[in-house]
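Peer 1: In order, the protein sequences belong to chains A and B.
One point on numbering: in the numbering used here, the residue at position 216 of the first sequence is 216, and numbering is uninterrupted.
One point on numbering: in the numbering used here, the residue at position 141 of the second sequence is 141, and numbering is uninterrupted.
No lab work stands behind these hints: they were computed from the structure.
Only true hints are included.
Here are some of the chain A residues that sit facing chain B, going by a computed Cβ distance under 8 Å: (1) S145; (2) L157; (3) L159.
Glycine included, C-beta positions come from ideal geometry on N, C-alpha and C.
There are 2 protein chains.
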Amino acid sequence: MGLDHAVTKPHERLAAVLSEEMAAVDRLIRERMTSEYAPRIDEVAAHLVGAGGKRLRPMLTIAAARMCGYDGPYHIYLASTVEFIHTATLLHDDVVDESGQRRGRPTANLLWDNKSSVLVGDYLFARSFQLMVAPGNLQVLDILSNAAAVIAEGEVLQLTAARDLSTTEEIYLKVVRGKTAALFAAATEVGGVIAGMPEEQVKALYTYGDALGVGFQIVDDLLDVAGDAASTGKNIGDDFRERKLTLPIIKTIAAADAEERAFWARTIEKGDQREGDLEHALGLMAKHGAIEATRQEALAWTARAKEALSLLPEHEIRDMLSDLADYVVARIS
Amino acid sequence: MGLDHAVTKPHERLAAVLSEEMAAVDRLIRERMTSEYAPRIDEVAAHLVGAGGKRLRPMLTIAAARMCGYDGPYHIYLASTVEFIHTATLLHDDVVDESGQRRGRPTANLLWDNKSSVLVGDYLFARSFQLMVAPGNLQVLDILSNAAAVIAEGEVLQLTAARDLSTTEEIYLKVVRGKTAALFAAATEVGGVIAGMPEEQVKALYTYGDALGVGFQIVDDLLDVAGDAASTGKNIGDDFRERKLTLPIIKTIAAADAEERAFWARTIEKGDQREGDLEHALGLMAKHGAIEATRQEALAWTARAKEALSLLPEHEIRDMLSDLADYVVARIS
Numbered sequence: 001m002g003l004d005h006a007v008t009k010p011h012e013r014l015a016a017v018l019s020e021e022m023a024a025v026d027r028l029i030r031e032r033m034t035s036e037y038a039p040r041i042d043e044v045a046a047h048l049v050g051a052g053g054k055r056l057r058p059m060l061t062i063a064a065a066r067m068c069g070y071d072g073p074y075h076i077y078l079a080s081t082v083e084f085i086h087t088a089t090l091l092h093d094d095v096v097d098e099s100g101q102r103r104g105r106p107t108a109n110l111l112w113d114n115k116s117s118v119l120v121g122d123y124l125f126a127r128s129f130q131l132m133v134a135p136g137n138l139q140v141l142d143i144l145s146n147a148a149a150v151i152a153e154g155e156v157l158q159l160t161a162a163r164d165l166s167t168t169e170e171i172y173l174k175v176v177r178g179k180t181a182a183l184f185a186a187a188t189e190v191g192g193v194i195a196g197m198p199e200e201q202v203k204a205l206y207t208y209g210d211a212l213g214v215g216f217q218i219v220d221d222l223l224d225v226a227g228d229a230a231s232t233g234k235n236i237g238d239d240f241r242e243r244k245l246t247l248p249i250i251k252t253i254a255a256a257d258a259e260e261r262a263f264w265a266r267t268i269e270k271g272d273q274r275e276g277d278l279e280h281a282l283g284l285m286a287k288h289g290a291i292e293a294t295r296q297e298a299l300a301w302t303a304r305a306k307e308a309l310s311l312l313p314e315h316e317i318r319d320m321l322s323d324l325a326d327y328v329v330a331r332i333s
Numbered sequence: 001m002g003l004d005h006a007v008t009k010p011h012e013r014l015a016a017v018l019s020e021e022m023a024a025v026d027r028l029i030r031e032r033m034t035s036e037y038a039p040r041i042d043e044v045a046a047h048l049v050g051a052g053g054k055r056l057r058p059m060l061t062i063a064a065a066r067m068c069g070y071d072g073p074y075h076i077y078l079a080s081t082v083e084f085i086h087t088a089t090l091l092h093d094d095v096v097d098e099s100g101q102r103r104g105r106p107t108a109n110l111l112w113d114n115k116s117s118v119l120v121g122d123y124l125f126a127r128s129f130q131l132m133v134a135p136g137n138l139q140v141l142d143i144l145s146n147a148a149a150v151i152a153e154g155e156v157l158q159l160t161a162a163r164d165l166s167t168t169e170e171i172y173l174k175v176v177r178g179k180t181a182a183l184f185a186a187a188t189e190v191g192g193v194i195a196g197m198p199e200e201q202v203k204a205l206y207t208y209g210d211a212l213g214v215g216f217q218i219v220d221d222l223l224d225v226a227g228d229a230a231s232t233g234k235n236i237g238d239d240f241r242e243r244k245l246t247l248p249i250i251k252t253i254a255a256a257d258a259e260e261r262a263f264w265a266r267t268i269e270k271g272d273q274r275e276g277d278l279e280h281a282l283g284l285m286a287k288h289g290a291i292e293a294t295r296q297e298a299l300a301w302t303a304r305a306k307e308a309l310s311l312l313p314e315h316e317i318r319d320m321l322s323d324l325a326d327y328v329v330a331r332i333s
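Using the sequences plus the hints, can you model the full thing?
Peer 2: Written out as structure tokens, the structure is:
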């Protein structure tokens, strides 16, 4: 067991402990994704469910509920709700980003068309709201409907802030909350609410999910400038080539002199990128200490996530959630 | 007053009687449409709110609640919810239809881009769910989240059934329920629920909204083949040119012989339309009595809507809702 713990990733250990409930979540998702009348929904849904993915978000709901002593059945509904919101968001994201691939497979908008992705996404959103009503808990509805609004607002903000060099770290954080952290935070928070936990611990669950989500996204940014392509599967510089304002780039631009600003305006704003630009960009990040500063920030968010867990009951799942927070940053160290 | 009644349209009379509440709905919509962080949301929202429209759907909620003796404040929230769902649907519809105009103004997807329409639509959906949670009534949440699913399912079905000559009247009805009737029915039903009406009357309100919505859509189809362009602002044959399977066309195809089927396959399925085809199509509809049969069907739905009202309390608003049902069909007579 000790060796197993050392070599298994924390989300895999969580999946093992929660396998029965995750199987129930999977069944409920498959059942609710289908449509009696519109076969296109079933086709797109089968493509998405088939693609698998780690189901990290619904697992956070199940983990939080179980850690708080809840034994069902509504955590299954809420976990499925969370996955539906996530899947709907992915469908719409792929339309907005004009993506052709996700998880190594062609995206739905490429296999069918943008129209199907927009409308099946809407269908999954509607399904998620039907599912979240099932437990009959108004606090849960507040949390999840607020999260849906924060997600959409963050996506719109990301769209308008794209390639805008005046993007601040504050705006970056709003976008990241929308893109990732809002749903992580709602996922863990509703697990505590459905278990009937007191307010302080519900708040701690929110903080854990939020900090884990922000840390996760910051590490994703870092892997693009300082990752190991062999182990991450990500090529260095993809974000730079796509002209994304990631945290290390925002920090580097904030410290730029006039000449450096002109470089960023040409490469990010205008998109005029030439041979050697990526290396120059990486050099500027190093020069201004932006990579190390970003790494410290990711560590601070992880520490915040783990600290929040200390307010929650002792439990083997709590230890796994703590390991999960460490694991997120371990990807870059 | 008598003369006024004779010359004023029923929805205008309703708007006059409910003017105070409709102003409150308008205020709440403007307040909830804004975003602190993403200015694009405010721009798109201002464009949509500025476009006006009759606000028929939220008015149905207010009318139903008031007719059932409800005095507030939650009908304002529910009416706003209904309008948000409608507006979100319009934004996504314009992306799916690749529309350039709505209500005589350029659509949001043309003024900004499809991305903004998709994401601001999602934001309005999320806002609608936040609003519908406010009254703390689980039955209301069931009704509205189910309506959202029926709407999305109907839209997907419409997408896949488009230009498919085997589309039956049953499929047509499912699409129409999704496109129009589901939100009309939910709008009136939640008005009764929030007023605490007994089940039989809540059901009657659902039936009224559903039948009004289906009748409304059938009449829209009819206006395209038998309307008066001067009074409707719609050109005869637009649906035919856009290769839409409207109810008169579905009925005409069902009665077609082999030669006629070939005509429909060429014009609707393949989209190969030539000079004189519209006249030929109109001739076939007349030959098979499809226009008169469709008109009878619209009248039957109106009668169903008015019959449902007889189960509801006597009230001046009830009379106006009855007139509204008549008015829907009067557009074609």
